[in-house]
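Engineer: These are the residues of each chain, in order.
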Amino acid sequence: MFMRTALLVLRKDVAVEVRTFEILLTTLFFAVSVVLVFSFAFVREGQAPPDAAAGILWIAIAFAGTLALGRTFERERYGETLRALLLAPAPRPALYVGKLLGMVVLLAIAEAVLVPLIAFLFASPLFARPLLLVGLLMAGTIGFASVGTLFGAMLIRTRTRDVLLPILLYPITVPVIICGVRGTAALIAAPPDETLAVMWLSILSAMDVVFLVLALWTFEPLMTE
Amino acid sequence: MSVRAHDFDSVQLSGISRHFGRRRALSKIDLTLRSGDIVGLLGPNGAGKSTLIGVLATIVAPTSGNVTYGTATVGELGPRLRQRIGVLAHELYLYPELSAEQNLAFFASIYGLDPAQAVPAALERANLADRGADEVGSFSRGMRQRLALERALLHRPRLVLLDEPFTGLDDRSVGAVSDRLRRLAADGAIVVVATHDLDVADGLVTRVALVRDGRLLVDEPALPGLRARYRTAIGSA
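Those protein sequences? They're chains R and U, same order as listed. For the first sequence, the positions run 1 to 225 when this note's numbering is used. For the second sequence, the positions run 1001 to 1237 when this note's numbering is used.
This is chain U alone, in the form it adopts within the complex (with noise of 0.2 Å):
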């Protein structure tokens, strides 16, 4: 069976827990995503929504429960499921030694897609066509932040799981940001942004899921007022 073929319009997660030694990181969270959803996992330091995103991504595993994406688990789906996910973490997964083609032609590779197609339009989509040919050490953090998001996306993975996506961003970063995963959205994406900003994640997300201490506090359409209402649900928790 193949993933592309069949592409998952849910990913569904039940009564997932998982435990690090006696701290308990996630505790039976249930929520589904759907196709054009922008979720955005909103909570506080430690929530656990970095441990839900990792769950999410396949290289955390839940200590309990099940994550089904569309029909299948992952045990069932195998390697091939990473083939329609797509990552962006606090840390941003690129080599710092090597340029930015470089890094880009790698992670094009090793998702099995042709370097020379792939990564002249991802460099362009992240402004830095002029800069491809330079060290990715040498870039600012807004600049490796938008290359790490292109190299999250070269592949378009059908869930698309980020966690702070608008470190280090300008406003103008942040807008380009925001319409690109808007776009991706429109296109039947599943987009689980983890973020603090608020002012952001208000007007981008289109549903909101609310962590703390691991539990699911909230999960429920995105709605004016979203930093009022995230105060008193985590106040209130």
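So here's chain R without its partners, still in its complex pose (with noise of 0.2 Å):
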């Protein structure tokens, strides 16, 4: 029942998104012209500084996911769809895992394009320990999206969400995003750090185990008014 109500909420994301494509361009569109932006003030002469490139992913990863929450749940404001949700006769937190499973579906593919892309314009060997950088990014996904996500349902109703949202969700993502960035330095150096890196995707795993419980256990109080 848990995991077939996530499933549901997913297939009713993905068919909402199918109709208009508007979260995913618009999030592809803006992550795309932060790295541009970037590459512009930091490459010289076809030479970026040494982890520039990790950083501008992990900051791209980060704007656009606070970009798509905020849009995601607009969508469900919009007609009180989440109320409608919430009156379902399904675990709450199954409704949220649903919503989360959307945006990391999301991110990964906005992730899909920026890899390539930072890897080409910052001439990046991004692809140097490509099973590293998948779990790297999916930690971080996860753990980004998992408190933007409870951020984002909790401020559903309140009229300055677009402010809240960013406000309350960087300082507790900043760790998320520090890992991130640490961890894919450890990959793109010369020679890549395997070591350190590993030791940052299980700092980044033991934060989203401890985000994911966190947000399950508090997500359906936080939805009761």
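Possibly wrong hints are sitting among the right ones.
[To be verified] Just a few of them, taken from the derived set where beta-carbon distance is under 10 Å, the chain U residues facing chain R: (1) 1018; (2) 1054; (3) 1060; (4) 1061; (5) 1078; (6) 1081; (7) 1084; (8) 1095; (9) 1107; (10) 1111; (11) 1112; (12) 1116; (13) 1151.
[As the list claims (entries may be wrong)] A short, non-exhaustive set of chain R residues, derived as facing chain U with CB atoms under 10 Å: (14) 12; (15) 17; (16) 22; (17) 78; (18) 79; (19) 81; (20) 223.
Source of the hints: derived by calculation from the structure; they are not laboratory data. Cβ atoms here follow ideal geometry from the backbone N, Cα and C, with glycine treated the same way.
Assemble the dimeric complex from its two separately framed chains, guided by the hints.
Structural biologist: So this is what it looks like as structure tokens:
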């Protein structure tokens, strides 16, 4: 029942998105714009400062993720459909997991565009250790989206939600972004430091567990008015 | 314990109060709703009608007091209780980007129903069988209202909570919705209708609960001349 409900919510979010591609296109456009601006600022004669690619990748993910979170929950606010979901005879944390899966899928698509773009513009060996990079990106995305989805849902009835979301989200997800940046920087170092990358991946995974447990625990009381 | 197997015949609110910060939305409401009732929840804007519906729907937690569904509370019944509650709010709980069919199919699935069976019948009842594939965003308010009503009733709820269900409906649709509510009550549902439309409520509701400033002023069987009764009760409060 739990995973069935979560997958139903995910499938519904995909069906809504496929009708317009509104969130995907705006998120991608914004993320690519961020990367392009940074590439003009930092790349000189085909050379970028060391580790810049790692930082810019995670900044683009965080900014694009915040934009996507805001729009995703704006959809649920219009027509008060989040309330309709809360009225369903399903465990309410399953609704959270469904929304979280939607955000993770959306950010994964954005990352699939961002990684090759950054590798190209910053001449960065991001594909040197592809499995570890995918692990870092997934763990970082889950950590960021788990907090963002909870706050996005929590702030849905707040008038100043657009301002409050980044104000609340960034201080809590800064450790996730730092781990992502340091882990990615270890991977693109010459030579790549796999041990260091695995350490950052482990810390990210531990943070994911903490964030997910807290979010699942608090979602229902936070959603009850 | 299955809620459907031991379906509730009454809902009892005991001493329900709800405060939002310093604002008192509901104050010590005692009310019993029984199977077969169509309760008109009447009162001016800001009286607390929507909050009371939210409490009955389990999405607004009371600051104090208890709601008992049959013999059990929300805490005892858990999510299964929501299988027996249907809500049509002022906002319609529909995704405008999706078609009528997709909306109904999603909600049917989330209530554990077979969309292949539930959706065509609901579209037929909403008189939207030929518009099922169209985006809900392209519908008129009346069409969306009819669709939203069917969405709320897809799972044959025992407790039907309707907040201004007649908004945007033409006279024919108002008649059809009223008949639908009478049939639901005749089948044993508890129907609660919060409305400002006293003309429609007069003749539809079997009981009247008048609310003002979060207090229940009147709880009595509906009698002819509802508008005059309403004016007297609200005016004298």
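Engineer: Does each hint hold? Answer for all of them.
Structural biologist: Structure-based check of each hint:
Interface hint at residue 1018 of chain U: satisfied, since its Cβ lies 9 Å from the closest Cβ of chain R, which is below the 10 Å cut-off. Hint status for residue 1054 of chain U relative to chain R: holds, with the closest Cβ pair at about 7 Å, below 10 Å. Hint on residue 1060 of chain U holds. Least Cβ distance to chain R is approximately 5 Å, under the 10 Å limit. The closest approach between the C-beta of residue 1061 of chain U and any C-beta of chain R is roughly 5 Å, which is under the 10 Å cut-off, so the hint is satisfied.
Interface hint status for residue 1078 of chain U: upheld, as the beta-carbon distance to the closest one in chain R is roughly 9 Å, under 10 Å. Hint status for residue 1081 of chain U relative to chain R: holds, with the closest Cβ pair at about 7 Å, below 10 Å. Below 10 Å, beta-carbon pairs count as interface contacts, and residue 1084 of chain U has one with chain R at about 8 Å; its hint therefore holds. Because the smallest distance between the Cβ of residue 1095 of chain U and any Cβ of chain R comes to about 6 Å, under 10 Å, the interface hint for this residue holds.
Because the smallest distance between the Cβ of residue 1107 of chain U and any Cβ of chain R comes to about 7 Å, under 10 Å, the interface hint for this residue holds. A hinted interface residue such as residue 1111 of chain U counts as satisfied when its beta carbon comes closer than 10 Å to some beta carbon of chain R; here the least separation is about 6 Å, so the hint holds. Using the Cβ-Cβ criterion of 10 Å, the hint placing residue 1112 of chain U at the interface with chain R is satisfied: the shortest such distance is roughly 7 Å. Contact between residue 1116 of chain U and chain R, as hinted, is not supported at the beta carbon level, the nearest pair being about 15 Å apart and thus beyond 10 Å.
Contact between residue 1151 of chain U and chain R, as hinted, is supported at the beta carbon level, the nearest pair being about 8 Å apart and thus within 10 Å. Checking residue 12 of chain R against chain U by beta carbon gives a least distance of about 5 Å; that is within 10 Å, so the hint holds. The beta carbon of residue 17 of chain R is positioned within 10 Å of a beta carbon in chain U (closest approach about 8 Å), and the interface hint is therefore held. Annotation: interface hint on residue 22 of chain R holds; nearest CB of chain U at approximately 9 Å, less than 10 Å.
Taking 10 Å as the C-beta cut-off, the interface hint given for residue 78 of chain R holds, the closest approach to chain U being about 7 Å. At about 6 Å, the closest approach between the beta carbon of residue 79 of chain R and any beta carbon in chain U falls short of 10 Å, and the interface hint on this residue holds. Interface hint status for residue 81 of chain R: upheld, as the beta-carbon distance to the closest one in chain U is roughly 6 Å, under 10 Å. The beta carbon of residue 223 of chain R comes within 8 Å of a beta carbon in chain U, closer than 10 Å, and the hint placing it at the interface holds.
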